[in-house]
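S.K.: So the protein sequences, as listed, match chains X and Y.
Residues in the first sequence are numbered from 1 upward in steps of one, following this note's numbering.
Residues in the second sequence are numbered from 1001 upward in steps of one, following this note's numbering.
In short, the hints are calculated from the structure, not lab data.
For every residue, glycine included, the Cβ atom is placed at its ideal position computed from N, Cα and C.
Mixed in with the good hints there might be a few duds.
As the list claims (entries may be wrong) - Cβ-Cβ distance ranges computed for the label pairs, FRET-style:
(1) Y:Pro1008 with X:Thr86: 38 to 48 Å
(2) X:Asp28 with Y:Glu1005: 32 to 42 Å
(3) X:Thr15 with Y:Gly1016: 48 to 58 Å
(4) X:Pro61 with Y:Arg1051: 23 to 33 Å
(5) X:Gly63 with Y:Pro1008: 40 to 50 Å
To be verified - Straight line, CA to CA, 16 Å or less: simulated EDC-like cross-link-like pairs of lysine to aspartate or glutamate:
(6) Y:Lys1106 with X:Asp59
(7) X:Lys18 with X:Glu79
(8) X:Lys57 with Y:Glu1002
(9) Y:Lys1106 with X:Asp38
Residues per chain are reported as follows:
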Amino acid sequence: DVKVTQSSRYLVKRTGEKVFLECVQDMDHENMFWYRQDPGLGLRLIYFSYDVKMKEKGDIPEGYSVSREKKERFSLILESASTNQTSMYLCASSLYGQGPSNYGYTFGSGTRLTVV
Amino acid sequence: GENVEQHPSTLSVQEGDSAVIKCTYSDSASNYFPWYKQELGKRPQLIIDIRSNVGEKKDQRIAVTLNKTAKHFSLHITETQPEDSAVYFCAALGVGAGSYQLTFGKGTKLSVIP
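Same shape as in the complex, but just chain X (with noise of 0.2 Å):
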């Protein structure tokens, strides 16, 4: 069974600290993604990465940073943790293709991270 694992269900973090999130899946899947979810707003992307060392910007990458040091790994990092930076986190992985093979994302359980 294909699995994508975020390192933390629920995380609290203080204003100001510097957060990692990790995520790793097992599928050696191309690209990676992290979404924040907030009721209301939807899945919205903040950064994904297609390879090893690469990095792109999604919708909102502001405040975020991104670490792809090893294909099965990606981490997000929250330089300054602000109570704005409150949500849930999602990763997400697949496949990269020029055909059409299967482009669904496979999702990871979240992590909820609260930042008092």
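Since chain X is already given, all that's left is putting chain Y on it; use the hints.
M.R.: Frame of chain X, contents of chain Y only:
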């Protein structure tokens, strides 16, 4: 970039009735349209998808239709059951920055009333 609009944001139906959720997209180059179901406290999971060369696809009680000319696609759930209660997200696949990425709608919270 791609923009996906999803309606309605909330939907309540009686058990056994049908439910329809509609989405529109902006990028005519998009060619893959998945639907995800997210139950309370769980991860979104793919329930059905459709590619641009197909107009309709069915899987038991769920179906998706696509109108490429109008740039809209819909999810149809027949004979709804309480376990269908969840948030449903539509998405459209676009190409950007050398890779493929999904743009999601804002979601529809479906409540099936027993």
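S.K.: Tell me the hint numbers this structure goes against, listed in increasing order.
M.R.: 1, 5
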